[in-house]
Every structure is written in structure tokens, then in C-alpha cells.
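Please model the entire structure based on the sequences and the hints provided.
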Amino acid sequence: MSFDEKLKQLGIELPPPPKPVATYVPAVQAGDLLFVSGVLPFQDGKLTIEGKLGRDLTVEQGYEAARIAVLNALAIVRSQVGALSRVKQIVKLVGHVASAEGFVQQPAVINGASDLLVKLFGEAGRHARVAVGAAQLPLNAPVELEIILQVS
Amino acid sequence: MSFDEKLKQLGIELPPPPKPVATYVPAVQAGDLLFVSGVLPFQDGKLTIEGKLGRDLTVEQGYEAARIAVLNALAIVRSQVGALSRVKQIVKLVGHVASAEGFVQQPAVINGASDLLVKLFGEAGRHARVAVGAAQLPLNAPVELEIILQVS
Amino acid sequence: MSFDEKLKQLGIELPPPPKPVATYVPAVQAGDLLFVSGVLPFQDGKLTIEGKLGRDLTVEQGYEAARIAVLNALAIVRSQVGALSRVKQIVKLVGHVASAEGFVQQPAVINGASDLLVKLFGEAGRHARVAVGAAQLPLNAPVELEIILQVS
Numbered sequence: 001m002s003f004d005e006k007l008k009q010l011g012i013e014l015p016p017p018p019k020p021v022a023t024y025v026p027a028v029q030a031g032d033l034l035f036v037s038g039v040l041p042f043q044d045g046k047l048t049i050e051g052k053l054g055r056d057l058t059v060e061q062g063y064e065a066a067r068i069a070v071l072n073a074l075a076i077v078r079s080q081v082g083a084l085s086r087v088k089q090i091v092k093l094v095g096h097v098a099s100a101e102g103f104v105q106q107p108a109v110i111n112g113a114s115d116l117l118v119k120l121f122g123e124a125g126r127h128a129r130v131a132v133g134a135a136q137l138p139l140n141a142p143v144e145l146e147i148i149l150q151v152s
Numbered sequence: 001m002s003f004d005e006k007l008k009q010l011g012i013e014l015p016p017p018p019k020p021v022a023t024y025v026p027a028v029q030a031g032d033l034l035f036v037s038g039v040l041p042f043q044d045g046k047l048t049i050e051g052k053l054g055r056d057l058t059v060e061q062g063y064e065a066a067r068i069a070v071l072n073a074l075a076i077v078r079s080q081v082g083a084l085s086r087v088k089q090i091v092k093l094v095g096h097v098a099s100a101e102g103f104v105q106q107p108a109v110i111n112g113a114s115d116l117l118v119k120l121f122g123e124a125g126r127h128a129r130v131a132v133g134a135a136q137l138p139l140n141a142p143v144e145l146e147i148i149l150q151v152s
Numbered sequence: 001m002s003f004d005e006k007l008k009q010l011g012i013e014l015p016p017p018p019k020p021v022a023t024y025v026p027a028v029q030a031g032d033l034l035f036v037s038g039v040l041p042f043q044d045g046k047l048t049i050e051g052k053l054g055r056d057l058t059v060e061q062g063y064e065a066a067r068i069a070v071l072n073a074l075a076i077v078r079s080q081v082g083a084l085s086r087v088k089q090i091v092k093l094v095g096h097v098a099s100a101e102g103f104v105q106q107p108a109v110i111n112g113a114s115d116l117l118v119k120l121f122g123e124a125g126r127h128a129r130v131a132v133g134a135a136q137l138p139l140n141a142p143v144e145l146e147i148i149l150q151v152s
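These protein sequence lines map, in sequence, to chains A, B and C.
For the first sequence, this note's numbering gives the first residue as 1, with consecutive numbering after it.
For the second sequence, this note's numbering gives the first residue as 1, with consecutive numbering after it.
For the third sequence, this note's numbering gives the first residue as 1, with consecutive numbering after it.
These aren't lab readings, by the way, just hints derived from the structure by calculation.
Backbone N, C-alpha and C define an ideal beta-carbon position, used for all residues, glycine too.
Do not take every clue at face value.
[Said to hold, decoys possible] Straight-line Cα separation of at most 27 Å, BS3-like style, residue types lysine-lysine; simulated pairs: (1) A:Lys-88 to B:Lys-6; (2) C:Lys-8 to A:Lys-88; (3) A:Lys-119 to A:Lys-8.
[To be verified] Below, a sample of chain B positions facing chain C; criterion: calculated Cβ distance under 10 Å: (4) Val-59; (5) Glu-60; (6) Gly-82; (7) Val-104; (8) Gln-105; (9) Ile-110.
Structural data, given as C-alpha cells:
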């Protein structure tokens, strides 16, 4: 089963890859490592979930935002390397969570991205991970993800 | 002298490697780079130092938290590659410091990790470093560390 | 035209490479990747722009701080590898922006660094990028940059 079929089976449709709004690019490959630019939870080109965890949003909403953000990253990966089957390993995920005073459940939020990666890629989706609380994120996004992958 | 002997000489005992509480793994190797997941200052499975620098904790307490956190990272490294003697170079350390309004001594806190790495590994322990102030960290931890190493 | 000539043409003079104030080093190379330590917007050894975006500084001042910070990174690169012509690709830039409540224009600030990299290196300057809002940064700096490059 191809990854496109697997995505369909999981009921997931990748968004169009987000376009950087400045003088940077969606991803850069160095050797077999692909460094993906920070992704926000865009849907149809808009942030449908905004604000800070611990004030504006529940953990469940944050989880969903992380899930949507990682789809944007996968859309970039597919557009850069041609097919998700070229992903050899998800190496590292850094998840930034916009956090109001006292919010300390960043890992539960970033699980929205981690769970999807493992569901889709299996062992190759198991990554090193960092979850931290940001003061603010671009465009008032609740979550921003940094991903490094190994590609074949 | 082996690194285990050197640790003993320094009066340091590595904790058991922390277990990720979600669908990620403690570390991923790509080529000769080992990317370690974010580590918190766990002792016996608990955070014994909690809160924000500049409000709840002194710089000295933050330094100690960074020292403890890096031991958790080294425990992961040893369990992943078998022995600390396989560390060729500590490449990069990113230190996130939970920071109250106005706290700007993140470097002094992260020195707790950097000093230990250099004491243990000598030249191979000298790393590129980033110290930043987070709004909040998981479980109300004062410090979270991201480490990239080169292994042989 | 050499990069030193190009810098001159752009009216840019690189500062002396900043000296780490602790037990870390300005940059570490692993394979052909050069990991540069976090840089602040130092000018003549001092921070001439301080404080948080969204409270103390305009976006324009933040943009200028990011431009100055990236010059510090380039000074490190030149001192580490001998000449900027050895830069094969700017791989990744993470920009931390000290952000007051409600400030969400981190990308516009970090453009100060990205624009300069592309102006100087052309295609080789186009990088993957992440812009996040920090609670605080060392020495009350408005911007801190992490850079990974590929060198030849």
C-alpha cells in the first residue's frame, strides 16, 4: 500500500504545501537529511485554531492543531522529495506550543503530531522529540513544528 | 580510565534513562549524528526542582537542574550506543530555561550542563550552544535540554 | 567577486566573532554540517538594541537586530572555516524573538537575517526557517539566531 493510499485509508488529505511568505524555502536537504521549515496548523490557507494553550484552547484543540500542522509538514516533504515513500526515518520533531502562564502539558499537545507520524510511518515514524512552551507564535498560532527527516 | 570510572570519580551516577511518555523515542541516529529527545531534570523519576527562573528559583538552582538534566541525556546516550566512549563529539546543546518576566541569565543556568559535558569529555565535550527563555516547560520543569552528538 | 568584496559592496563589515562566555565554543562541525552557537545582535561587543518586540521595540528595530545578529554568525563562520566562499548552503535558521504578550510578527523580524543571507549568498542562502517567540533571551536581547550550514 502506498503512503497516498494509507493517507486515504486514514481519512487524511494533505493540504497544498504552505508557501513561505519571505526569503526562505519550505525545506533544505543536506546529505540525506531534510530540514523542514517551521509549520503552522494551516487549513485551506488559514489558521482555523488560534491562541494560547492554558487560556484560549483546550489540550484537545491543541492536539488537533498539532495534527493539522504535521500534515502541512508532510505536504512539504512530498512536494520536495516526490513521494512519502522516500522517507527513511522521521529523525526529530521540535514542537513549540504557545503557552499561557501555568500551562505545562506541552507533550500532550505535540502528541497530535507524534501519533500521526507513527500511525502513518510505523517504526520509521518514531522520532526524537522536544516539546517546549513559547511566549507567542507567528500569526497567533497555537503550535509550530520543526521537523528533520532522513530521506532515501 | 573508562567513562564509567570517570563518572564515579566525579561522584556522578547516571539515572536510569527516562522513558518517553508518548509515541516518540529517547533518541534517533542518522548517519553518525545522534539526536536526543528533550530531557528534563528527573531524579528517581521525579522533578525535584520545579518552577521558573527569576521567580521561583535562583540561578544556582537552575544550574543544578541543568546539571541533572544533562545526566538524563547521557543515560539515554549510553543506553542507545552502549558506552559513553562511543561519543566522538558533543555537537550542539540547546537549553530552554523557563523564564519569568525580566530573567535574562539563561546562559548561567545552562552552564550547569555545559560544564559537566566538558568536565567529562574534555575537548570532545565542547559544543555549539544556544540558551533561550521559554514561557513554560513540560511538567513545570525549569530546564529542558536538546542535544545532538556525533558517535563513532 | 569574493564574499569579502561583496560584503564591502553591500556596505557591510563583519564584527569580530563573538566570544562564548562559558564552556562552549562558537561552532562545531560534524561531517559537512557546521552548527553555529546562538548569536545575539552584538555591535562593538555590546547590545545596542534591547528589549521585547511588541512592547519596547518596533518590527523595524527587530528586523535590524536580526540583521546585526546574522553578521555575528557570519563572523563565526568565516573564522571557523577560513572564508565565506566555503559556505555551500545555509541549511536552517531558527530565529528566537523576545516577544511581549500579543506580538505575533516573529517572521517579519527574522526577515532581517533571511534577507541578508539571500542577498549575500543567492540561492545558497535560501534556508529552511523557523521563527518563534521567546519569553526572554540572554542579556535582554530582542533576537537570538541558531544557524546550521553546509560547508565544502
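Hints, one by one, checked against the model:
1. About 37 Å separates the Cα atoms of A:Lys-88 and B:Lys-6, which puts this hinted pair outside 27 Å; it is violated.
2. Pair hint C:Lys-8 plus A:Lys-88 does not hold up; C-alpha atoms about 43 Å apart against a cutoff of 27 Å.
3. Only pairs whose Cα atoms come within 27 Å are accepted, and A:Lys-119 paired with A:Lys-8 is accepted, the gap being roughly 13 Å.
4. Look at B:Val-59: its Cβ only gets to about 12 Å from chain C, farther than 10 Å, so that hint breaks.
5. Interface restraint check: B:Glu-60 against chain C, minimum CB-CB distance 15 Å, threshold 10 Å, status violated.
6. Taking 10 Å as the C-beta contact cut-off toward chain C, the hint placing B:Gly-82 at the interface is violated, the least distance being around 20 Å.
7. With its C-beta approaching chain C no nearer than about 5 Å, B:Val-104 sits inside the 10 Å limit, and its interface hint holds.
8. Contact between B:Gln-105 and chain C, as hinted, is supported at the beta carbon level, the nearest pair being about 7 Å apart and thus within 10 Å.
9. The interface hint given for B:Ile-110 holds, since its Cβ lies 8 Å from the closest Cβ of chain C, which is under the 10 Å cut-off.
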